[in-house]
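Peer 1: Start from the sequences and build out the full structure, keeping to the hints where you can.
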Amino acid sequence: MPLTHLGKLSNLCPDLTLKHSKVALVGVGLHQPQSFFAQELSWAYFPQAEIIFYRCTVISNFSPLLVPDSTKFWSVLCEIGLKDDEIADENLLIEETVKGLIKTGIIDSEEQVNSIWTKILDYGYPIPTIDRESELQRANNILEKNNIYSRGRFGGWRYETSNQDYSFELGRQVVDKVFLDIPETL
1 MPLTHLGKLS NLCPDLTLKH SKVALVGVGL HQPQSFFAQE LSWAYFPQAE IIFYRCTVIS
61 NFSPLLVPDS TKFWSVLCEI GLKDDEIADE NLLIEETVKG LIKTGIIDSE EQVNSIWTKI
121 LDYGYPIPTI DRESELQRAN NILEKNNIYS RGRFGGWRYE TSNQDYSFEL GRQVVDKVFL
181 DIPETL
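Okay, so the sequence shown: first residue is 1 according to the working numbering, each after it adds one.
In short, the hints are calculated from the structure, not lab data. Small disclaimer: the values here were computed from a predicted structure and weren't measured. Here a beta-carbon is modelled for each residue, glycine too, at the ideal position from N, C-alpha and C. Check each hint, because a few of them may be wrong.
Unchecked claim - Restraint-style ranges between C-beta atoms, simulated for each label pair: (1) Leu12 x Arg172: 21 to 29 Å; (2) Gly81 x Phe168: 22 to 30 Å; (3) Phe62 x Lys83: 27 to 35 Å; (4) Val178 x Lys103: 49 to 57 Å; (5) Pro33 x Ile116: 56 to 64 Å; (6) Ala88 x Lys145: 36 to 44 Å; (7) Arg172 x Tyr123: 19 to 27 Å; (8) Asp165 x Lys72: 31 to 39 Å.
Said to hold, decoys possible - Straight line, CA to CA, 20 Å or less: simulated SDA-like cross-link-like pairs of lysine to any residue: (9) Lys72 x His31; (10) Lys22 x Lys83; (11) Lys83 x Thr129; (12) Lys119 x Ser21.
Peer 2: Put into structure tokens, the structure is as follows:
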């Protein structure tokens with residue numbers, strides 16, 4: 001649960017000033033053949049302003065079991081950054097994503113598109129700000145006095161240390177802290 005939600009839900013720290021972004025996901029199921037460029041990718045980043053997505057993951061390259069029939073289909077997942085208060089036009093996101101896939105050479109034409117899936121994640125990434133550390137310290141002091149331990153990407157409000165391995169270790173360490181009185185080191 002995002003720390004800001006927990007603060008409001010518990011009414012222990014409802015006024016946290018932590019910032020975050022939204023992410024729009026556009027999954028595209030495609031007809032074979034897969035472009036040579038896409039065959040070589042796990043994922044790629046696109047900083048160009050004219051490309052709506054910043055990252056494209058070729059999902060089907062991770063396993064042929066991630067599409068109904070890998071001899072006929074392949075798939076990508078594109079991520080689009082949004083401001084936390086931005087209202088997304090899903091039709092425009094889809095249209096611009098397909099255009100971007102063509103511009104980048106990931107697909108050859110719109111005719112390759114077999115299916116589209118979209119999802120808006122209201123919490124995409126925590127944003128580091130000048131007052132983040134003081135806000136986190138304030139929130140954790142209040143919550144932990146009430147035996148509430150918030151961890152993970154949005155529970156701890158840190159993107160830079162929130163991969164799965166790190167999140168698992170945070171969970172293990174907080175259990176050691178609560179039950180064995182062993183201080184956390186992360």
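Peer 1: Just pull the numbers of the violated hints for me, sorted ascending.
Peer 2: Result: hint 5 breaks, nothing else.
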